[in-house]
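Participant: As given, the protein sequences belong to chains A, B and C, one line each in that order. For what it's worth, this note's numbering labels the leading residue of the first sequence as 1, then goes sequentially. For what it's worth, this note's numbering labels the leading residue of the second sequence as 1, then goes sequentially. For what it's worth, this note's numbering labels the leading residue of the third sequence as 1, then goes sequentially.
No wet-lab data here; the hints were simulated from the structure. Every value quoted in this text rests on a predicted model; they were computed, and no experiment measured them. Any given hint might turn out to be false.
To be verified - In silico contact screen, one side only, chain A against chain B (beta carbon under 7 Å); selected entries: (1) Leu72; (2) Asn75; (3) Thr81; (4) Phe83; (5) Ala87; (6) Tyr95.
What the hints assert, rightly or not - Heads up, simulated DSSO-like pairs for lysine-lysine below, C-alpha to C-alpha not over 30 Å straight-line: (7) C/Lys99 <-> B/Lys118; (8) C/Lys12 <-> B/Lys92; (9) C/Lys265 <-> B/Lys92; (10) A/Lys243 <-> A/Lys155; (11) B/Lys95 <-> C/Lys160; (12) B/Lys95 <-> C/Lys9; (13) B/Lys92 <-> C/Lys9; (14) B/Lys222 <-> B/Lys118; (15) B/Lys169 <-> A/Lys213; (16) A/Lys85 <-> C/Lys43; (17) A/Lys103 <-> B/Lys165; (18) C/Lys98 <-> A/Lys85; (19) B/Lys222 <-> A/Lys85; (20) B/Lys93 <-> C/Lys160; (21) C/Lys160 <-> B/Lys169; (22) C/Lys261 <-> B/Lys95; (23) B/Lys95 <-> C/Lys53; (24) B/Lys118 <-> A/Lys67; (25) B/Lys93 <-> A/Lys124; (26) B/Lys165 <-> C/Lys161; (27) C/Lys261 <-> B/Lys165; (28) C/Lys160 <-> B/Lys92; (29) A/Lys67 <-> C/Lys9; (30) B/Lys165 <-> C/Lys160; (31) B/Lys169 <-> A/Lys155; (32) B/Lys165 <-> C/Lys265; (33) B/Lys187 <-> A/Lys85; (34) B/Lys187 <-> A/Lys103.
The beta-carbon is built from N, C-alpha and C at its ideal position, and this holds for glycine as well.
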Amino acid sequence: MGKKLIIMKNISKSFGDQLVLDNFNLYINENEFITLLGPSGCGKTTCLRILGGFETADEGTVEFNGKIINDLEPNQREINTCFQKYALFPHLNVYDNIAFGLKIKKMSKDAIHERVMNILKMVKLTGFENRMISTLSGGQQQRVAIARALVNRPKVLLLDEPLAALDLKLRQEMQYELKEMQRELGITFVYVTHDQEEALTMSDTIVVMDHGKILQIGTPEDIYNEPSSRFVANFIGESNIIKGVMLEDYSVEFFGETFECVDKGFKKSEAVDVIIRPEDLDFISPSKAKIVGIVDSLIFRGVHYEINVLVEGKELTIHTTKHRKIGDKVGLSVEPNNIHIIPRDNNA
Amino acid sequence: MRRLRPYAIPYLLWMGIFILIPTIILIILGFSNLELYNLGVFDLTLVNFRIFIQDQVINALLNSLIYSVITTVICFIIGYPVAYYLSTLPEKKRKILLAMMIVPLWSNMLLRIIAWEKIFQPTSIINDLFGISIDLLGTPTGVLIGMIAMYLPFMIFPIFSVLEKMDYKLIEAAKDLGASDYQTFIKVTFPLSSGGVVSGVIMTMLPAMTSFVLPARIGLGKINLIGNIIESKFMKEVLGSSGASINQGALISLLLMIFSVISFVLITRVDKEGETLI
Amino acid sequence: MMKKSVKKKSLKFIGLFFTVLSYLLIFTPIVVIFILSVNASTKGYSWEGFTLKWYVELFENDVMNEPIMNTLLVAVSSTVIATVLGTAFAIGINALEKKRRVQMMVINNVPVVNPDIVTGISLMIVFSLLSFTLGYYTVLIAHVFFSIPYVILSVMPRLKKLDPNLYEAGLDLGCSRISGVFKVIIPNISTGILSGALMAFTMSIDDFIITYFTSGAEYMNVSTWLYATLSRGRSFTPAAYAYNIIIFTITIAIILFVNLKRDRKEKTV
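So here's chain A without its partners, still in its complex pose (with noise of 0.2 Å):
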């Protein structure tokens, strides 16, 4: 990965008297596709709306290409931003849309002409320069807003839930162009979603939010794998969480029974959280099982069944394209590696 394009250091932003990042310490490579995710309110829109400058914070600086860049203004930055709800201009045609920035920049008519039209066949809108917006569907109109952000070859762009408004087939689509664009341009993309498929399918690093913070930062095989926390582990995917104590190192007890792991560096006896995501719980022959519990619940899922297990009294949900019937007595297997120990939240 390349040098760091920008740095942000202890940022803190209030609106009135609620804090919305509190001491936030992030940096951006150059190249990278990075993505802010977290539930509504975490602060990843302001955070994103810091970068653009469409606000400043209260503490902390924002260095970009190794300059402080807090006091400069939206139209200063080599930053160019896709709008939430797109913000396409309604008094304009898709070509002077696009063609905006590009003409405050004073360019010749002849160069401008070129670039749109590249830009346009990039994101297959080619004939459509002279439909109104209002014309266009919400697909159509969020390329609009992409190219009329990636006309003016930002050295960043920031994406704000750019998909929300799209329906689930065209999002995808959307997922795979915009990440192919991001490759063929080296353009840093900084992305905003509070949907972690649409994390994990485009980044190349994912940073999790709550509350203003960071809780962790990480590729999303990491972030997916790996979960620091409670929180990431139930926002990224779904999770069987369970209290279990570390007996040493690579060695957990749960479910009243000692269970090999990978994870190390916790005190002797220290109550854990285990996790273990539904797709990695396996059925065995009860005989031959360490946990062995009851299917409660069955639903079909297409690819997989997702079957609920009660065990000792605690509900498990396990992924997996072999059937069982409600009340089957079922034994399960885990393998060490997919047992991921974190330290026990006792606020959850």
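Since chain A is already given, all that's left is putting chains B and C on it; use the hints.
Facilitator: Here is chains B and C on its own, set in the frame of chain A:
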């Protein structure tokens, strides 16, 4: 909802009676010698057009145009910044200031004109109380000030209502794309408020053009507008004026209606459902 | 940075300056009317001391009594009629398909955009065609006519916000076509109806031009009475200023009351 459609039909009939029929009658009256109060046989004639060579009428037409244009331009120059300023205020202040602009309109229009008349007298209550003499009665300046004070709110309201509703994200988007404050205003804010400007211009210009009490009182009858001519032609029984001729009045009214129709087409373009009109 | 904030400040200053100027222009006549209403002088050229006698005279003066009663009667009755009809028409228009609805709203705008003098003359012509004697009833019809478009304009935005399935849901749950309107639609657009009614009332009570053309020589409201008096070269009693201040104050009180009540209601919801 479909079942509720019949409720709209009587309205169409009602509007037909009070808009379409009188317009047709006005056209017939203007181009004939039909008597409104004694309907009967009539001949088509262009004799009524003779009024357009009367100095009095030509003057009134010119005055209407000049006074309404000047009033509208000044109202726009003052009104746009005011609407813009108001739209940037925090909600509470904005509501209070807007209400304060509506409130004076609930005071009787005629008395407001008379108040200006009193102010502009050589020896006035203002003179006596504050020692300022504003001797403008019977002058064009006096009439213009009266008109501007009277119609300014009608310029401000529609522009304000468009600016207030404007999506702030669009302004952010313009800045994001590199536009300075000035460029943002010229390229985004102003074009997007043009609907309000058109409504404002029309809602100021038409009433100013057709006012007749204001020029009569503040202008001391020396400055006649088209409204004064129409009044004198139509109100025979009330005024007992000798120059009354409904046919001539109808012709001038038709001329006025042309302005009205043009305005109407313009307003319909920017605001079909009349959202900027109240 | 320095230079820029100065520029921004000066722009703000221009806005503020024009705003102050506007309020000055708009409020001056109101202040003068108030001063004249408490001035002992009859002619109003000079200040001859504070008095409330014009407010007393208002209730004793026989000359003004009739125009005031006429004004109030027309204002109240035209407001009631215009509000009922306007609401019904608006509900009908809202139910039309989009194209027809827009067409109806365009027609609805005609009296709003038309100069009052044209509306006045048009109404006068219709009344003379129908051989109506100009007087109370023609003025009433005229006021209903110019008020309805404003009622429709203020009810319409509320109607548009309604879920189109709301009325069907009412019918589905057993409302008749009429009771569905009263039980489902009206309660949801009541604020729009109220503000339409207030607008109709304030416009009727102050109207001069349209009343002037549709009232004939005998019937007068306050505005036409003032105009007639002045046209004859006479002056009128300062009680007229007192009347204006009272009506003005009552209007403000009503609107303030309605708004406060609505705000409180919206807060509790």
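Participant: Next step is simple, just say for each hint if it's right about the structure.
Facilitator: Each hint tested on the structure:
Taken as an interface hint, A/Leu72 does not check out: its beta carbon lies about 11 Å from the nearest beta carbon of chain B, beyond 7 Å. For A/Asn75, the interface hint holds, the least distance from its beta-carbon to any beta-carbon of chain B being 5 Å, beneath 7 Å. Of the supplied interface hints, the one on A/Thr81 holds, with its beta-carbon coming within about 5 Å of a beta-carbon of chain B, less than 7 Å. The restraint placing A/Phe83 at the interface with chain B holds, with a minimum CB-CB distance near 5 Å, inside the 7 Å limit.
Hint on A/Ala87 holds. Least Cβ distance to chain B is approximately 4 Å, under the 7 Å limit. For A/Tyr95, the suggested interface contact is broken, since its CB lies about 14 Å from the closest CB of chain B, more than 7 Å. Between C/Lys99 and B/Lys118 the alpha-carbon distance is near 51 Å, which puts this suggested pair outside the 30 Å criterion. Between C/Lys12 and B/Lys92 the alpha-carbon distance is near 19 Å, which keeps this suggested pair within the 30 Å criterion.
For the hint linking C/Lys265 to B/Lys92, the alpha-carbon distance of about 17 Å falls within 30 Å, and the restraint holds. Our distance criterion of 30 Å between C-alpha atoms is broken by A/Lys243 and A/Lys155, whose separation comes to about 46 Å. Restraint check for B/Lys95 and C/Lys160: the C-alpha separation of about 23 Å stays at or below 30 Å, so the hint holds. Taking the CA atoms of B/Lys95 and C/Lys9, the gap is about 23 Å. The hint holds against a cut of 30 Å.
With a C-alpha separation of about 22 Å, the suggested pairing of B/Lys92 with C/Lys9 holds against the 30 Å cut-off. For a cut-off of 30 Å, the pair hint linking B/Lys222 to B/Lys118 stands: about 17 Å separates their Cα positions. Under the criterion of a C-alpha separation no larger than 30 Å, the hint pairing B/Lys169 with A/Lys213 is consistent with the structure, at around 26 Å. As the CA atoms of A/Lys85 and C/Lys43 are separated by approximately 63 Å, the hinted pair breaks the 30 Å bound.
Among the hinted pairs, A/Lys103 with B/Lys165 is consistent with the structure: their alpha-carbon atoms are about 27 Å apart, no more than 30 Å. Restraint check for C/Lys98 and A/Lys85: the C-alpha separation of about 25 Å stays at or below 30 Å, so the hint holds. Restraint check for B/Lys222 and A/Lys85: not satisfied, since their Cα atoms lie roughly 58 Å apart, outside the 30 Å limit. Taking the CA atoms of B/Lys93 and C/Lys160, the gap is near 28 Å; set against the 30 Å cutoff, the hint holds.
For the hint linking C/Lys160 to B/Lys169, the alpha-carbon distance of about 24 Å falls within 30 Å, and the restraint holds. Using a Cα cut-off of 30 Å, the hinted pair C/Lys261 and B/Lys95 holds, with the two alpha carbons roughly 16 Å apart. Between B/Lys95 and C/Lys53 the CA atoms are separated by roughly 36 Å; this puts the pair beyond 30 Å, and the hint is violated. Pair hint B/Lys118 plus A/Lys67 does not hold up; C-alpha atoms about 65 Å apart against a cutoff of 30 Å.
The hinted pair formed by B/Lys93 and A/Lys124 fails the criterion: a straight-line CA distance of about 47 Å is larger than 30 Å. Distance hint between B/Lys165 and C/Lys161 is fulfilled; the C-alpha atoms sit about 16 Å from each other, no more than 30 Å. Taking the CA atoms of C/Lys261 and B/Lys165, the gap is near 24 Å; set against the 30 Å cutoff, the hint holds. At roughly 26 Å between alpha-carbon atoms, C/Lys160 and B/Lys92 fall within 30 Å of each other, so this suggested pair holds.
A threshold of 30 Å between alpha carbons decides the hint, and for A/Lys67 with C/Lys9 the separation of about 28 Å falls inside it, so the pair holds. For the suggested pair B/Lys165 and C/Lys160, the alpha carbons sit about 17 Å apart, so the restraint of at most 30 Å is met. With a CA separation close to 22 Å, the supplied pair B/Lys169 and A/Lys155 stays within the 30 Å bound. Of the supplied pair hints, the one linking B/Lys165 and C/Lys265 holds, its CA atoms being roughly 24 Å apart against a limit of 30 Å.
Between B/Lys187 and A/Lys85, the direct Cα distance comes to roughly 20 Å. Compliance with the 30 Å bound is thereby established for this hinted pair. Restraint check: the Cα-Cα separation between B/Lys187 and A/Lys103 comes to about 11 Å, which is no more than 30 Å; the hinted pair holds.
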